[in-house]
Amino acid sequence: MPVLTPSVSWAQRSNATTPEKNILYLTIEVSDVAASDLTFNLTPTSLSYKSKTSKGQEYAVEIEFFAEIDPTESKYHHSSRATECVIRKKEPKEEYWTRLTKEKVKLHWLKTDFSKWADEDEQEGAAVEPEYDPNMMSQFGGGDDAGGFGGIDFSKLGGPQGLAGLGGGADLSGMGAPPDFGAGGLDDDSDDDEDMPDLEGEEKAVPSEPAAAPAATKGKSVIEELD
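Using the working numbering, you'd call the opening residue of the sequence shown number 8 and step up by one each time.
Any given hint could turn out to be false.
Cut-off 20 Å, straight-line C-alpha distance, at most; resulting in silico cross-link-like pairs (EDC-like, lysine to aspartate or glutamate) [as the list claims (entries may be wrong)]:
1. Lys111 / Glu71
2. Lys100 / Asp126
3. Lys109 / Glu75
4. Lys100 / Glu127
5. Lys57 / Glu36
6. Lys111 / Glu65
7. Lys118 / Glu36
Simulated DEER-style distance windows between Cβ atoms [as the list claims (entries may be wrong)]:
8. Asp126 / Glu98: 12 to 22 Å
9. Ser55 / Phe121: 24 to 34 Å
10. Gln64 / Lys118: 35 to 45 Å
11. Thr12 / Ser61: 18 to 28 Å
12. Glu65 / Glu129: 32 to 42 Å
13. Lys113 / Ala67: 28 to 38 Å
14. Pro26 / Ser53: 19 to 29 Å
15. Phe121 / Ala23: 22 to 32 Å
16. Ser43 / Asp128: 42 to 52 Å
Because the hints were derived from the structure by calculation, they are not lab data.
Just so you know, even glycine gets a beta-carbon here, dropped at the ideal spot from N, CA and C.
Starting from the given sequences, assemble the full structure and let the hints guide the process.
Quick look at the structure:
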C-alpha cells in the first residue's frame, strides 16, 4: 500500500507588535488515526508528519516553512478527525507571508482554509472560533534532545483523541487558553431581537365579535324528569 500525502489547509494572521497575533493556522486532514500511530515533529524551519489509519493506510508530509517559526510558542490538537495547529511565526511583521512553503511550487495537497483566512486589511476582526476546546491544546517544545524538538510522547494518552506533547509530553496543568487572535474578540450581542415588521400587503387579522349568548329558555327545562 503506497504512502499517501495528506490534504493540508492553512491560513495566517500577522502583527508587528503583538506576537500572539502573528500566527499560522494549519490543519492536516487525516481521519481515523490513533495517537499512538502519529509521528509529529516541529522545528524552527520545518514540520514533519507521519501517520497510519486503523485500516493500515500510511500518510506522510514534510513542510519547509517560508520563514522561521517558534515551536515553543506553537500549539496543536490531535483528534480522530485531523491534527490542527496554531503555529507562532518567529518574527513579528505587519505583512503576510507570501506563501506557506519556502519553495515557490504548486502543491496539489495544499489549500487555503477559507474558514480561518482573512485578508491583511481585514484581519483585525473577530477571532476564529475553533471547533475544539482551545484550553485542551498541547504546546510544542520541551524535548530531551539538544534542540528541544523531539517526537511526541503518547505514553500517557488514554485514547486516539487524547493530547500529546513533544519529547516526553507537555505539562498542561499551568497552560491557559490560547490568546485572542482578533483585536476585538467575539462580539457579545445580547440585544433583544427587533420586532418583525408587517409584511407589505399583509392584512391584519380582525378579531370577530363574540357570539351572542343564547336567549334564556322560557318555561320548563328542556329535560324533564319522568315520574
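Hints and how they fare:
1. A threshold of 20 Å between alpha carbons decides the hint, and for Lys111 with Glu71 the separation of about 11 Å falls inside it, so the pair holds.
2. Between Lys100 and Asp126 the alpha-carbon distance is near 15 Å, which keeps this suggested pair within the 20 Å criterion.
3. The straight-line distance between the Cα atoms of Lys109 and Glu75 is roughly 10 Å, inside the 20 Å bound, and the hint therefore holds.
4. For the suggested pair Lys100 and Glu127, the alpha carbons sit about 11 Å apart, so the restraint of at most 20 Å is met.
5. For the given pair, Lys57 sits about 12 Å from Glu36 by alpha-carbon distance, which is consistent with the 20 Å threshold.
6. Proposed proximity of Lys111 and Glu65 is contradicted: the alpha carbons are some 27 Å apart, above 20 Å.
7. Of the supplied pair hints, the one linking Lys118 and Glu36 holds, its CA atoms being roughly 11 Å apart against a limit of 20 Å.
8. Checked against the hint of 12 to 22 Å, the pair Asp126 and Glu98 passes, with Cβ atoms roughly 21 Å apart.
9. One distance hint, 24 to 34 Å for the beta-carbon pair Ser55 and Phe121, holds here, with the actual separation near 26 Å.
10. A hinted range of 35 to 45 Å is violated for the C-beta pair Gln64 and Lys118, which are about 20 Å apart.
11. Checked against the hint of 18 to 28 Å, the pair Thr12 and Ser61 passes, with Cβ atoms roughly 19 Å apart.
12. The given range of 32 to 42 Å is respected by Glu65 and Glu129, whose C-beta atoms sit roughly 39 Å from each other.
13. The hint said 28 to 38 Å for the Cβ distance between Lys113 and Ala67, and at roughly 19 Å that hint is violated.
14. Checked against the hint of 19 to 29 Å, the C-beta distance between Pro26 and Ser53 comes to roughly 21 Å, which is consistent with it.
15. Roughly 25 Å separates the CB atoms of Phe121 and Ala23, a value that falls within the hinted 22 to 32 Å.
16. At about 44 Å, the CB distance of Ser43 to Asp128 agrees with the hint of 42 to 52 Å.
Going through the hint list in order, the structure does not satisfy hints 6, 10 and 13.
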